Structures are given as structure tokens and as C-alpha cells.
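Peer 1: If you count the sequence shown from 1, you need to add 950 to reach the numbering used here.
Errors might be hidden in some of the hints.
Unchecked claim - Computed list of lysine-lysine pairs in PhoX-like fashion (alpha-carbon distance at most 25 Å, straight line):
hint	residue 1	residue 2
1	Lys-1002	Lys-984
2	Lys-984	Lys-1011
3	Lys-1001	Lys-1011
4	Lys-1001	Lys-984
Bear in mind the hints are in silico, worked out from the structure with no lab data behind them.
For clarity, every value in this text was computed on a predicted model and none was experimentally measured.
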Amino acid sequence: MCDPEQEDLYAVLGASPSDSPQQLRHRYQQLALKYHPDRLGDEHWSESGVKKFLEVDAAWKILGDQTTRRQYDMQRRGAWW
């Protein structure tokens, strides 16, 4: 699990902790399409675009699963033990 002080996974997706799983999935899909290296094309392909795509994907891997999302939320609130 990542350190919640390092990065806010909800912010990476442009989402809120109160968003439903469907809302999170929608935000992920929008950002994945926007930053996917195959969609950027050769002339727009950049390191920052790939980095953003990887951040979005990593956030989704945690927030897209009910169990890991619950663990992440507990960690953010300082209830992780």
C-alpha cells in the first residue's frame, strides 16, 4: 500500500473519497483514454504523458478494488494498524 502522505490517489483520478465505484471507474476510463500512450500518438508521446498514465493506472488498481480501497481509506484516516 502506498504512503497516503506521499500522494492522494483520489486526486490523481480527479475524484472524491465519497464517489461511488461507478464514478471512480468513469474518471479512470476518461483519464486512461486521455493519457494512454497509444492514444497520444508519436508526435505527442512524451515522458510526462506516460508518467501520468502510470499514476492513473496505479491509483485505479487500489481504488478500483473494494478491499484495497477500504484499506487505503483507513490508512488515509490514520486508522491503519
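Peer 1: Each of the hints needs a verdict: does it hold here or not?
Peer 2: Okay, the hints, checked on the actual structure:
no.	hint	verdict
1	Lys-1002 - Lys-984	holds (10 Å)
2	Lys-984 - Lys-1011	holds (18 Å)
3	Lys-1001 - Lys-1011	holds (15 Å)
4	Lys-1001 - Lys-984	holds (12 Å)
When each numbered hint is compared with the structure, no violation occurs for any of them.
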